[in-house]
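*Asks:* Listed below, chain by chain, are the residues.
There are 2 protein chains.
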Amino acid sequence: MTTPPEVLDAADPLAAFRDRFVLDDDLVAYLDGNSLGRLPRSTLDRLGSFVRDEWGSRLIRGWEDSWVDLPVSVGDELGAAVLGASPGQTVIADSTSVNLYKLLHVAAALRPGRDEIVVDATNFPTDRYLVEAVAQARGLTVRRLQPDLVENVTVDLVAEVLSERTAVVVLSQVDYRSGTLVDLAGVTRAVHEAGAVVVWDLCHSAGVVPVDLDASEVDLAVGCTYKYLNSGPGAPAFLYVAERHLAQATQPIAGWWSAADLFAMSDTYEVAPTIRRMLSGTPPVSGMVAVQEGVRMIAEAGVDAIRAKSKSLTAYAIELLDAAGLEVVTPRDPALRGSHVTVRHGDARAVTDRMIARGVVPDFREPDLIRLGLSPLSTSFAEVEAGVRVLVELSG
Amino acid sequence: MTTPPEVLDAADPLAAFRDRFVLDDDLVAYLDGNSLGRLPRSTLDRLGSFVRDEWGSRLIRGWEDSWVDLPVSVGDELGAAVLGASPGQTVIADSTSVNLYKLLHVAAALRPGRDEIVVDATNFPTDRYLVEAVAQARGLTVRRLQPDLVENVTVDLVAEVLSERTAVVVLSQVDYRSGTLVDLAGVTRAVHEAGAVVVWDLCHSAGVVPVDLDASEVDLAVGCTYKYLNSGPGAPAFLYVAERHLAQATQPIAGWWSAADLFAMSDTYEVAPTIRRMLSGTPPVSGMVAVQEGVRMIAEAGVDAIRAKSKSLTAYAIELLDAAGLEVVTPRDPALRGSHVTVRHGDARAVTDRMIARGVVPDFREPDLIRLGLSPLSTSFAEVEAGVRVLVELSG
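Protein sequences, first through last, are from chains L and A. The first sequence finishes on residue 396 if you use my numbering, and the numbering steps up by one all the way, no holes. The second sequence finishes on residue 396 if you use my numbering, and the numbering steps up by one all the way, no holes.
Treat the hints with care, since some could be wrong.
[Stated by the list, open to error] Here are the in silico distance ranges between beta carbons for each label pair: (1) L:Val392 x A:Gln248: 50 to 60 Å; (2) A:Glu64 x L:Gly396: 40 to 50 Å; (3) A:Asp19 x L:Ala10: 49 to 59 Å; (4) L:Arg20 x A:Arg61: 18 to 28 Å.
Hints in this document: simulated from the structure, not taken from any laboratory. Using N, Cα and C, we set each Cβ at its ideal position, and we do this for glycine too.
Build the full structure now, drawing on both the sequences and the hints.
*Replies:* Written as C-alpha cells, this is what we have:
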C-alpha cells in the first residue's frame, strides 16, 4: 500500500513553491518539466516589465544600464546557485549546440598532440552530431562508448577507451532517456589521469542535481536553461570554462562580444582576458532576464533541498509504476538517477498521445520510451499520482 | 527657410504608424532606432500573450502547435516583406555574428580552389573579426579594402582587388558609420564576374532600404532584427542562402536542429535538405515572435513607402545640420544613403552625453562621429527638428 499523495505533499518542505508557477486547470499532470519547465509567475511579471519599461522606455540606454553585464552576472548567479562554480567562469549565451561547438574546439586545442575524441554513442543527438562535425574539421578520430541504457556510462566503461591518444571526452551527466546519473567526479578524475579534458553536458542535471564543477575539477561544461531552470522555450544556454583554462580558451566564433573592448570598434581583434571571450554576438536580453528569475528561485530553494524532493518524487513514481507492473528503465537506486523516470512500452508513442488527450503530458522518446519529468519546485506528489494513474490505465 | 516640421508630418502618409509604438514622454527625441528600434505596442501585447498563454499554458505542446516552424515561417515572411527573397531561403536564428560565421564557412567551401577573402577594413568589427578568424581556420588570405568614409565601398574599389584567387567578398550594404548605401546589385555582379561569391551584411539596411536579394542574385546574406525591424534587444538574427547554393551549403555548427528529422534522434547525422540545415540549436521562441510582429508592420507599410519617408527624413536632418554649419559625413544624394545621418564633431562623445542628458538620444561612434538614426515608422519630422535643435545648441 503506497502512501496517499496528500500526505507526501503535506510533508514536503518545498510544497509552497508550486503556487509560484502558472498552473493550468486544463492539465491533470504536467510531467515534462525536463523538456520545458513551467512558467514562474515572477518571470511573467519580470518579462512584462522588462519589455515595457526597459526596452520600451530606456531603449538603447538599457545596454549601459545593465544589459551589457548580464551574460556574466547572470552566469555568475547560475554558477553559484546551480553549478558549484566560483565567479568568472560561466556565461549565458547562444544555444547549447552553439556553446558545445565552441567548447569542443577549445577542448581539442588544449590537447594538440592527441587525436581522439570520445563520445557516448547514445548521447543526445546534438552532442554526437557536433562531435562528428568538429572531429572532421580538426582531423580527429571519434571513439564511441556503447553503454547499457540503464547502467549507462560508468567510470570503467570510460577508462577502457582512454589512452595517450585521447584529447577530449564528451558526456552528459544525466542520460536523456533513462535518467541515469553518471559519476561526474569519478569520470572526470579518470579522464584527467589519462591526460585528457572533459566536456560535460548538464542539460538534464542543472538545477536538480548538485553539480560541483569546481570541486570536481571539471574542465568545460554546457547546459540549457529551459528545463529545470524554467527560463522558457529557447532561452539562452550556459557555458563554463574552468579558470585554469581561460587564458588558452580560444573559441572559433570570434564576434565583437568576445573582444577586450566591446565598443572600441578597433582595427585589430584583441580577445577579452575574461570569460567574455566565450561570447560571440549580441545576447538575447529578455532570455537572460528569464534565466535570472529561474536561477533565483533555485537559489532560494537550494539545490540540496531540490535534490531531496527529486529523489522522493522519482521514488514515488517508481513505486506506483512497479505496483502496476510497468517496465521502468530508470535506476532504482536514487543515488544513480536524475529527476525523470522512464517507462519502456511497446506502444509508447500511441500511449503518449492518448495521455496528452487526457490532460497528462509526458514525453515520448524513440523508439519505445515514455519519460516522466518530475520538476521538484513545480511538481506535486498528487500530480505524480494522477499522471501515473492515467498512464497505467492507458497502457494496458 | 526650412519647412516647419508640422507641415511635413501632416503630409506624411506613414505618420499614423508612430502611434503604434510605445513612446516615452521623457524623451525629446529618440534618434537611435538604427541601434535599437522602438517597441511596437502590438509586440508588447503579443509577447505578453506568448509568455502567459503559449509558454505558460501550452507548455511543451507549443513546439508542435507552431514554434517548431517559426525559424522558417518567420524567415519566409521576412524574406517576402524585407529581403526580396522567395520562400525557403531565409531563417531566423542565433545572432548576426554566429550566422555570419556559418556563412563564411559555407561561402569559402563554395570556392575550394581559391584562397582570398575580401573585407572592408572599415566594416563593423564583428564582420572583420570573424573574417580573420575563419580565414585563419581555413588557411585563407584576407584582403582589406580601404574605402573613403563618405564615398565608401564602390564597384570600382571592389573590382580592383578581385582576381581568380578571390573566393569570398564580405560587405555591408549600408555603412554603420557614414550611412553610405553601397551598390549591392553592382558589386554582386562584379564579384560574380570574377567567379567569387558575396556575403552581404544587411544590419543597417534591412527594413529601410529595398534589398532585392533574389533579383540581384546575391549568394548569402545576414542581418539583425533589433534595428529597423524593431524586434527588441538581442532578438535573433536572420540568414539567407540562395536556393542554388542550398545543396552545397554545409555549415559547421551541425546541431540537432540542422538534421533532416529533428525528433528521430537517429544514430547518424543526415542534414536537412531545406534551409533548416542552417539551424543549430533550439531557437529563442519569444524572439522569433517579436521578429514576426516587427516584420508584419514593415509588410503593412511597405518598404518602398518606408524608403520614401527615409529619404525625406534624412534630407530634412541634413538641411537642418547644414544650416547650422555642422559637418555631415553622410552622402547628400539620397540614392547613396541609408536611414541614418552622421555628424563629425571633435568633441563627439561629450556632445552625445550632453544630448542624452537633455532627452535626445543619438549614438556615438569612435572616434568622432554622432549618428542620428531615423526610423521611418516611428520617427516624426518634429522629432528630427527637436533633436537636431538640441544637437546644434550643444555642439557650439
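*Asks:* Run every hint past the structure and note whether it holds.
*Replies:* A quick look at each hint next to the structure:
1. L:Val392 x A:Gln248: 50 to 60 Å: holds, 52 Å
2. A:Glu64 x L:Gly396: 40 to 50 Å: With a Cβ separation near 26 Å, Glu64 (chain A) and Gly396 (chain L) fall outside 40 to 50 Å, so the hint is violated.
3. A:Asp19 x L:Ala10: 49 to 59 Å: Holds: the Cβ-Cβ distance is about 54 Å, inside 49 to 59 Å.
4. L:Arg20 x A:Arg61: 18 to 28 Å: holds, 22 Å
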